[in-house]
Structures are given as structure tokens and as C-alpha cells.
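Number of protein chains: 2
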Amino acid sequence: MTAPLTFDIDHACQSTHARAGRITTLHGSFETPVFMPVATAAAMKGVSVEQIESTSSRMILNNAYHLMLRPTAERIAQFGGSHEFMRWPHSMLTDSGGFQAWSMSDIVTLTEEGVRFRSFIDGSSIMLTPERSIEVQNLIGADIIMAFDDCPPSVSKTSESDVDEEGGATSSDEGGSTRPSKKATLSPEAHARRLIEAVERTARWLERCKAAHQRPTEQSLFGIVQGGTDLALRARSAALTTAIDLPGYAIGGVAVGEGTDDIRRVVEFTAPLLPRDRPRYLMGVGYERDIVAAVRAGVDMFDCVLPTRNGRKGYAFTRSGPVRLRNACHTLEKAPLDPSCDCLCCAGGYSRGYLRHLFMAGESLGGTLVSVHNIRHFQRLMVDIRVAIREDAWSTFEGQWPVLQAV
Amino acid sequence: MTAPLTFDIDHACQSTHARAGRITTLHGSFETPVFMPVATAAAMKGVSVEQIESTSSRMILNNAYHLMLRPTAERIAQFGGSHEFMRWPHSMLTDSGGFQAWSMSDIVTLTEEGVRFRSFIDGSSIMLTPERSIEVQNLIGADIIMAFDDCPPSVSKTSESDVDEEGGATSSDEGGSTRPSKKATLSPEAHARRLIEAVERTARWLERCKAAHQRPTEQSLFGIVQGGTDLALRARSAALTTAIDLPGYAIGGVAVGEGTDDIRRVVEFTAPLLPRDRPRYLMGVGYERDIVAAVRAGVDMFDCVLPTRNGRKGYAFTRSGPVRLRNACHTLEKAPLDPSCDCLCCAGGYSRGYLRHLFMAGESLGGTLVSVHNIRHFQRLMVDIRVAIREDAWSTFEGQWPVLQAV
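Chains as they are written, first to last, in the working numbering: chain A, 11 to 417; chain D, 11 to 417.
Think of the hints as simulated: they come from the structure by calculation, not from any bench. Note that the Cβ used here is the ideal one computed from N, Cα and C, for glycine as well. Possibly wrong hints are sitting among the right ones.
Stated by the list, open to error - In the EDC-like style, the derived pairs of lysine to aspartate or glutamate whose C-alpha atoms are separated by at most 20 angstroms in a straight line are:
id : chain 1 : residue 1 : chain 2 : residue 2
1  : D       : LYS220    : D       : GLU123
2  : D       : LYS344    : A       : GLU94
3  : D       : LYS220    : D       : GLU210
4  : D       : LYS220    : D       : GLU145
5  : D       : LYS220    : D       : GLU141
6  : A       : LYS220    : A       : GLU122
7  : A       : LYS344    : D       : GLU84
8  : D       : LYS344    : A       : GLU122
9  : A       : LYS220    : A       : GLU145
10 : A       : LYS344    : D       : GLU94
11 : D       : LYS323    : D       : GLU298
12 : A       : LYS220    : A       : ASP255
As the list claims (entries may be wrong) - Some chain A residues well away from chain D (every beta-carbon gap over 10 angstroms; in silico):
id : residue
13 : SER25
14 : LEU36
15 : PHE40
16 : GLU60
Work the whole structure out from these sequences, hints included.
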């Protein structure tokens, strides 16, 4: 039996827990730490496959939740899986649908069996269990599939969390949707009990996920550590999760409404509890500073909808901080978003003034160009992070990325 | 003084009035007969410059009407003109804004001086005169600019004409917007008087346009023949227009609500009245059959919003006729739109089933892929037309394009 995923660490940082290496799947290999942009419904919003490739991204996400509802996982399987369906020849990961079932659905019933929710498309009642989530992900066919976990919202920041049509959450409201959370806020005591329950149930469900996995020679199942911001619970969850031998492990439940400090505290505590020789994936994070802190804590994989979601709204990421292209100050600006950037948008010579015009005129090309730039921005961050690890040159790195100093 | 446009006819069809040749501008050359896709607001809706280039298009349109209102022609000039603004290195044409001022504005007052209308953006009152239209087009800087003409709607079909946000009209409601015409229908007698007035005024305005043109060594001004479906008036307009020496001439007012038969009758009558040694441009046309008929009548240049406007709505053009991708019959279809097509979408292996999924899921990538296919469809039509002219092989050509036989 050939392992469908290999993870080779070729350099461990001298001064931090960071490591640089390479993950190889049946669809190719890519360097780590890696940033994975999100193609929610087997399409990256407004961005073509060629444009994704132009950012040097070689690993992307699909959302099992969206695809199981439309066009359905069974239909994607009839097309030979999502790689073939969306014509993406490189590596791919699917999430389990658990997070979106909780965050994007109107009615959710949680039992030991699974989660029952209403389809956001036609209101029909859908039961998602560990077995069904894995079946769905086996049908979609991504290289890495995620355990179906119990992912409760964080206690204090629930109402600030937001989830949009890409199914991703972020830890800030910057550029985010205004869709309010529909979850009732629990009392601190009830939330603590809920977190304990989630940790224990996530572990029980992980056993069921592993048992249900029908394509272990093609797809690699990752487990997910829960526990909210309670470090003792994180330790308990890490122990339960890593007790099950899997090709990789993720830290979940940290981009559901916390601030940067909480994310950092949880990640710095949890990452070292995961096996050194397996990829560590921090789900749904995030901003540049969050990614850098997590890399230094030993995390290898990241995904986030920020580049595309913000890009569509005219928010561009740059090394010196965000640029809001609708602002009138850009009207006559001939400079590109970032003169040092090699993306299609910047190297193509598109001026900030032209980009502003596209957003003011409602031309979707604006969202496309800025999304491509934003994805490339995060890929360049990862390139520089990998150099910093290999050369133990963090202070040089931070000088190149002033945005990391922003409060 | 270097001529900013050369037109070389290298083959005249043996059996029709068609000719094959080449137009060269200061931004490159392209073969004729040519199809020019439309980038209304200095952006092709949902299609990047690289994607336009992938269709082999080397000549596109901008709409002066849209650009003069937003971001304004003066601002585009500050960026070095539209070529530089939108990063389009090849040839470009702007229309004069007259047609859109009539068709897209709520209040229009026509005087000998010009047209007064309300901006569709902020309701402000705008006066567009021949001098101002040419000034706007000089500022935008396209290789070919169009005379500001008096372009009345056709008498009987006005309410079926439609104009959308791309500012283009088509002679059919297929895939078109539902925006109703706001023009009052004139009596046949009043319409006839109106057409005569338009022909005479268009000629007077053409003199003013030529006199106002400030960049004749860089931009080529084309005159426009009006006259509706009245052939005597067409003859009068052609005589008045061609009496003024210009690098090219257009047939206007034929895509404003007529049927295919009227378009063909007018074009077959009018095209031979235009100088043989100058490019002949049929504005706003159209479907494949209309283009082929006009080529056979001696027309060299075409533009239309159909490829992009229909593409965004999930209507694809194929050699055997239109395909409506939202139809359920495509759900499991693994074949591409057209197995013989070499566009990014078809040659890229995107299935009809995937394209349908994109439209059902509201993913703008669907509009992008089908727009690119549709543009390439028209460019392949032009390639085959040029072969048919050079080889006098029209029956072979028609066998390759079954859609031409459709009623």
C-alpha cells in the first residue's frame, strides 16, 4: 500500500518551532508552510484555474458542505471527482462540512449520531454524520480529507464571527460580511460544558470517520483538535486525537470569533502537542500576523477565504497593510497595488486608479484582479516565511513585511 | 504625416462582394473581416486581457458614453488613454456615444447643437455635441473613433430593441435584457420625417466631427451612414457621408430593432455604396447569419455584445446553434460546449455539466468561461469566413456552420 501523502521536513528553524518541508500527494507536491486558497463550490470565486496557478498555489480547498448540497457529491463522483470536475490538476483538500453545517444553517440539531440541518438551497432536512461526511469526501476525491468534528462557536465573540458564502470564518470583521450569527450565546458555564462535550464527541466521531474511510490509499484523513480557548481541554483533545494514527492533524475551532491573542495562545500551546513528523494544519487562519505566529509555533498548513472574499470587495492586502480601493484617494493613482509584487495585477501594470474604476463601475474584473493579487500576496508571504525558516532570518523577514507590525 | 490606419485588401471573393485583408493601426494589425468584442467601460465584463487575447481578438471596442460619465475621459487621458488604462496593447475603437445617449438615457433633448441627456450614474445633465464627442474620443485615445451621429430608433420594432449595461443593441430578444425601450413610437409619417432629418443632421455633424478631430495622425475617424430601412435615404446618406474623405465608413442604425431580413436588405444595398478601398464597418451586428450576409455584401468590421452578454447568462454559441447551460439536460453532460473548439473553456476540458453547476451556484467563473468561448466562437467564424473568401469556398464553409441554416 502506497502512502497517499508524504511529509518531508528538510529544515527545522533554529530559534522557533517552525519547520520547512514538502508535502507530496497523488496530485503533486508543494512546499510547507503552505497557504491554501479556497474554491468553495469547486470554483474559486471569480478566479480561473489558470489565474490560481499564476499565484503559484498548488493546493486548494473545496467545501464538502457546499458541494454535498449542490451539485451533490454523487454527481461530482460521476464526473470523476472534483479534480476532474473543476479541472484542477494539483492537490486539493476538503473540509468535513461540520463547521459550515453549524455556522451557515438555520436549524441545527446535534446528537451523538450527527448534525441535522436545513439546506441553504432548498430548505430540505439534511443529516450529516461522520460516516456521511467521509462518504461525501470520498466521492469528491480530494487528496486530504478532514474528520467530521463537533465545532462549537467560541463563547464571547460569537456575535462578531462571520461566515459568508465561501463558508470560511475569520477572526476579524475587516472586509467581512455583515451576516449576523444566529447562534444563541451560552452562559460561560454552559459554554464550558459544551466545549468538553465537543472534545469528547470529536474524538468518538474521529474513530467513526477513520472506520468509514473507503479510499485510504488515495486520500489522507486528518484529525482535528478542538477545545476552544481552554488549554487543558486542548491538551485533552490533542491526546485523544493523536491517539489515533493519522497522516496529519489539524487545529480547529480557532477562527470562530477569537482575537489574535487567543488564536496565538491556543496555537502556541497546541501545535507542539501534535506529532512532529506529521503536517499540522491550522484551519481557517487568517491574517498575516496570525499565520506567522502559527508557523513559529510549528504549524505547516493554512487556509483562508480572506484573499478572495476581501478581493471581491476591493480590499487589497499589501506588505504595508490593507488598501481599500474604493477610497477616493486612489482615483488618480498610477502606481500598482504593490510595486514589488509579481502577480498578474501588479506586474501586469494595472494601476490603483484603474482598479478603483472597476469597483466603482461594478466590473467584476476588479474582484478578479484583486483576488489574484491577494492570493499571490499570501503565497509571497509563505515564500518569505520559508526563507526565514531555512536561514533563521526572522528579523530580516519582519523588516520585509511591515504589516506584521500593525496593531 | 503617417497614416494611422492602413487597409490592405489581398483577396476579393470571386462570387460575392466579400474581401479579405488586413487593417494596421499604431497598435498592431489584424485580419479582416474582423469581429471586435466589446469592453464597454474599459473592461470586458468578467474577462481579463489575457483571456481576451486567448480568443485571438486583437481589436476591441470601448464605449465613449460610459467612459465619459465614469471615470470621465479626462481621467482616462491622465492615465495615458484607454490602452494604457485597461492594459490593452492591441487595437481599439470607440463609438461616439450618440447611440447610447439615445438608448440608455431617461431624458433626451435633440437640437442642432447636440443631444442633452441625464447621466445614468448621477442624473446630472450632460450635453453631447459632435465637438464634445470627438474631444472625449481624442482623450480616450482609441485607434479608430466614430462620428457623432443622429441615430433614431427604427419605427416598428422599437419596443423589441434592447440595450443593456454594455450599451450594445441586438436585433433579437434572445438572451437579451428585459429593459423596455422608453422611446415613444412615432407614426410612420413622423418616423419618415425623423429619418430624413437624421440623415441630413448626421452629415452636418460629420463635418463638425472632422473639424474637431485633434489627433488625426494617431486616430482614424470613421463616418456613419444612417437612413433606417429606407434605401433611398441610405443612398442619400452614403453620398453625403462619403463626400467627406475619411479612412473608413460605417453603416449605423441597423441593429436597433430590425429583423434579419431588414438588416440584410439594408446592408446589401448600402455596403457597395461605400468606397472599395476603405474599411466598411457594420455597427452592432450581430448573429452569425447576419455577419455572414454582411461579409458577402462587402463589410469588413463587426462588433457585438452578444458573446459576453449572453455568456454571462449561460447562453453559449456553438456551430450547431445556441446552448442554454441552465437546462437540466446538461446536468450530467461530460462533453465540452463544442468538442471542435480550441478556446480556454472547451480545450480546457470544462464539461457542460460543470458549466451548468457554475451558473446554478451563482459562480461568476461560469460567465467568464462561456464569454471566452463565445468570443472565440465568433473569432473562429471569422477565421472560416476569411478562408471561404480566399478559397471561394462558401458551400464548404456553410457545411461547417450548421447554425447558419437555422431559421
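Evaluation of the provided hints:
In summary, the hint linking D/LYS220 to D/GLU123 is supported, as the alpha carbons are separated by about 15 angstroms, within the 20 angstroms threshold. Taken as a hint, the D/LYS344 and A/GLU94 pair is honoured in the structure, with Cα atoms around 10 angstroms apart against an allowance of 20 angstroms. With a CA separation close to 16 angstroms, the supplied pair D/LYS220 and D/GLU210 stays within the 20 angstroms bound. For the suggested pair D/LYS220 and D/GLU145, the alpha carbons sit about 11 angstroms apart, so the restraint of at most 20 angstroms is met.
As the CA atoms of D/LYS220 and D/GLU141 are separated by approximately 9 angstroms, the hinted pair is consistent with the 20 angstroms bound. Between A/LYS220 and A/GLU122, the direct Cα distance comes to roughly 16 angstroms. Compliance with the 20 angstroms bound is thereby established for this hinted pair. Distance check on the hinted pair: A/LYS344 and D/GLU84 sit about 14 angstroms apart at the alpha-carbon level, within 20 angstroms; holds. Distance restraint check for D/LYS344 and A/GLU122: the Cα-Cα separation of roughly 39 angstroms exceeds the 20 angstroms cut-off, and the hinted pair is therefore not satisfied.
Proposed proximity of A/LYS220 and A/GLU145 is supported: the alpha carbons are some 11 angstroms apart, at most 20 angstroms. A C-alpha spacing of about 10 angstroms is found between A/LYS344 and D/GLU94, which places the hinted pair at or below 20 angstroms, so the restraint holds. Simply put, D/LYS323 and D/GLU298 have alpha-carbon atoms about 19 angstroms apart, close enough for the 20 angstroms limit, and the pair holds. Distance check on the hinted pair: A/LYS220 and A/ASP255 sit about 9 angstroms apart at the alpha-carbon level, within 20 angstroms; holds.
Even its closest Cβ contact with chain D, about 42 angstroms, leaves A/SER25 beyond 10 angstroms, as expected for a residue assigned away from the interface. At roughly 19 angstroms, the least C-beta separation between A/LEU36 and chain D is larger than 10 angstroms, which holds for a residue marked as non-interface. Against the 10 angstroms criterion, A/PHE40 stays outside the reach of chain D, whose nearest CB is about 22 angstroms from its own CB. Not every beta carbon of chain D lies more than 10 angstroms from that of A/GLU60, the smallest distance being close to 7 angstroms; the non-interface claim is violated.
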